[in-house]
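Chemist: Each chain is listed here by its residues.
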Amino acid sequence: MLSLRRFCGLFCALHLALCVGAFAADRAAVFEHPVTAATKAEIARSLAQVSNYQIVQGDFKQTKSIKKLNRDFVSTGTFSISKKSGVVWNTQKPFPSELTVSDSSITERSANGAVRTISTKDNPIFAEFSKVIKAMLFGNISELEANFKLFYEKSPSDYKDGFRVGLVPREPAMRKVIANIVMDVSSLLHRVVIIDGDGNPVIYEFSNQKVTE
Amino acid sequence: MGRKSLNAKTGVILWVAIHAVLIALGFSVPWKMDSDLYSVLPESNEMKNVSAAEKVLSARTMRNITVLVGHEDFEIARSAAVALDSAFSGDSSFDEVRFYVDGHPFDETHQFLVENRYKIQGAEVREALATQNLEKIKYNALSKIYGLFSFADLNRLEEDPFLLGEAAFDDFMQQSLSMSGRFSLREGVLATTDSNVTYVMWNAVLSENVPSMASENHVLERLNRTIDSLKTQYAGLVVAKSGVMFHSYESSREAKSEIALISGFSVVLILLLLLYVFRSPLPIVATLATIAVAVFAALSFTWFVFGSIHVFTFVFGTSVIGVSIDYAVHFWTHWKERRVSAGVSDSRSVRSLIFKSLLLGFMTTEFSYLALTFAGFPLLCQMAVFSMVGLLSSFLTITLLFYASFDRGNVAKISLSKLPTKVPNAFLKLYSAIPQNAGRLLAVLFVAALIPGLYLLNIHTDMRSLYTMSDEMKAAEALNAKLNNPGISENYFIVEGNSEEDVLQKEELLTERLAQAEKESFLKSHLAASAFVPSAKTQARTYEGFCRLFFVRDSLQNLTDSLADSVKSHLRGIGVENDSAFVAGLKSSREKMVNIKSVVDSPTLPSSFRSMLKMLWIGAVGDSSERRFYSAVFPLRVSEKFDASAIADGLPNVYAVNKMRNINGALTKISHVSLMLVGCAYVVVFFILVFVYKFKAAVRIIRAPVLACLFLASVFGYAGIDFNYFAIVGVILTLGIGIDYALFFKEGGRENLTTTLAVMLSAATTLISFGILAFSSFTPVATFGFAVLLGIFCCFLLSPLCGKR
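Going down the list, the protein sequences come from chains A and B. Under the numbering used here, the residue at position 113 of the first sequence is numbered 113, and the numbers go up by one with no gaps. Position in the second sequence (from 1) plus 1000 gives the number in the numbering used here.
So that you can see chain A by itself, here it is in the shape it has in the complex:
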């Protein structure tokens, strides 16, 4: 079942997926640099670069670390971000499933063929989520700002010409689920870390990326 928590997760994670970035060693440092008028324009320009690609495809690795259990849960697969078809996440291991996000719906397909779909018409939260996705695709900073406090750091990091964006949800309710998000961006998305409400990190690493201009 796709829950609100999950929507929140999707909501934030897709912000990241559609931004392009690189990840640095000390990600907390980004929150010392709130976005200024000057850096805001810089983010907008960088996001506009991302929106130039018709399709971005590659592999992903998700690592959920649960501190209390001292345990990591790792899943891997492929992803595709297309201006026309939306976003497809194809998890292959250890648990095959497919998640498709489009303007009008979100669909989850399990290995046994079971399909669950929620349309934006029926779900205002998802409709809002879709709207922000569009804003991300088109580099609409004002829409992002409506939902997150933005932080920005010009980052030498692991990626050439990269920068780091920090996002803190404005809503206290959402902060219960996601404390903050840090993403490293160059010309492509490389790594994203989401810290949940309990302080557990979820790391998304993207590799073997191919773009269609």
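The hints are simulated quantities; they were obtained by calculation from the structure and are not laboratory data. All figures in this text were calculated on a predicted structure; none of them were measured in a lab. We put the beta carbon where it would ideally sit given N, CA and C, even for glycine. It cannot be assumed that every hint is accurate.
[Said to hold, decoys possible] Simulated pairs of lysine-lysine, DSSO-like, Cα-Cα distance not exceeding 27 Å:
1. A:K67 / B:K1568
2. A:K93 / B:K1136
3. A:K93 / B:K1009
4. A:K61 / B:K1614
5. A:K154 / A:K40
6. B:K1614 / B:K1592
7. B:K1519 / B:K1136
[Unchecked claim] Computed from the model, here is a short list of chain A residues facing chain B with C-beta under 10 Å:
8. Y53
9. K67
10. K68
11. F95
12. E108
13. A114
14. K154
Guided by the hints, dock chain B onto chain A, whose structure is given.
Modeler: Same frame as chain A, now just chain B:
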């Protein structure tokens, strides 16, 4: 003389005693005005069984109000809404104010569902349990653990390796989301954008002690003032208010000013008329006093009988002015005529001259009203009692008090101006000028002209067409419906049971049918208390289902404490090496049952959870000897094919309710019953008239009001106006009042100028008081006034025909 004096004295004592009792009774109870549009509506047969429960539900839901504060700039809308919330958040007139949304309710609900995960589960998990589908439950857990962007709480994986708490929470969120409309969280408040305006939602529940009647420091008046001041402070602010209480408040405010206007205008016009006719203050002062006493006595007694007076009764009650004035006018016309031309041959009192017609008129009217009290409609009953007591008071005042004060002894001629008989004289001449054959022809043509109108008559009552909202209220409700309505339809269900458990079990049978109807696309979803807190039977079945799924059986097919291999394999797969926390949690839940009442009353649970349940769970209704338990189930976004009655069919104690349809049906039925009752009363009246006047004369008397009613019905038919319940009340009143005119003519003679003047004056005052009602902004009052206006006018024109030439 001595005997007369004694009679007069006894009469006065009797008058004082009766009025003292009527008024004292009124003072023995607290006075309360009621303006709720629905509170006095009739109950249909379908509703009778669940009427008390439905009233509890209505009273609860009608206290909810919503204010949408909008502006093109979200920050301004939010600031204004914050100011509104600050002004009222601690106000004792509200039981609850909902504005800020933070994460606490979210966590508390999550915690509650995790704790009760082996008892409370949604349909999907219960279905998997019913088919012992462990794979499905495993799949759901794994999708939460490994799925992308899933933020399920994995901290409790040792105790809950199948993430059943998360599954229950997901189900709850889905139910909640179906109620969320278009609003979503924005900076700690609920907001949405429509036509470039961002609206922030402010919700509140009014306390039970907040009256629906308008008053100077009423909380809604204060709310209006605050909103006005915010509009001044923030240019371009748009505010949309929604809720039944706003409508009740506005109606009562308008009613108050209308009552003052209608009463004032009627009184002034009638005073001018009386002044013109009598040219003396005595009849006018005495008549006004008669009216005042009649209205006060009627109010007091009605208050005593019903505990409160509906504002409609009060508005209709102003017509008592018109009705009771007839008797006074009749008295004073004869009184003056006798004073001007006294001492000629007749030394009888005025009372003895008019008593027969007055008594018959009084009796026939009271019979009609009495019949209405049996119609089974509280409002009609209230109006009838009010009018009966008002008329009784007037009748007693004239026959006892007026007699004692102005009517005894020998009549002495005094210097008074003559009565203005020019108009009645011309009126009578007009009648005399019509040849008998021409009169018959006119009568035939009149009756023939009525027939097409009657054929076109549409006897139908639609409550929705009777209440006209102001444009502002209409726009506000439309906006709320667009942004905030989860799709609750007019159709819903009330489930009745002997106990809480009985209700929940019956509700679960209903929701099974609704789930099937959802699959067939008859509706999108539904809301039911049992979806949040299932019956104990279902909770036990859910728990047993988990045990059967997770534990192995021994050779006797009894469950052991050992986990099934597939379960162990799942635990190993997700890295849970020690199963003791899981097993202990499952075992310790065996006896723990979630009780709906404790959930609804629990202050520790989040208000969002409780308020949702409070809307659905009606609870115990009735005293200890007849206590029954109820809940409401709301289908959401139904299609045209959705048939609530068919779904409830065969389910014991499950009632499909469509309040508006039920009320309209009941009103139409009561209309017929009322007409039948008045018809029966007329048969009795007719027999009395036959007894008093013989058959032919009785027919002549009764035909005037009967034809007048057919005339008014025909006009409604020709005009294409729905002949609704309130028009039928007009018919009843026409029958009640109109017969008086015919009786006066019968007693006074067709060519008696004094009688004609008295009837003309009576009709004029009645037409004034009812005619003004026709201009009321309340459609029911206006319809009623228009019907009586037509009926009385026609009756007045026909009534001279019953007198002897």
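Chemist: List in ascending order the numbers of the hints, as given earlier, that are violated by the structure.
Modeler: 3, 4, 8, 14
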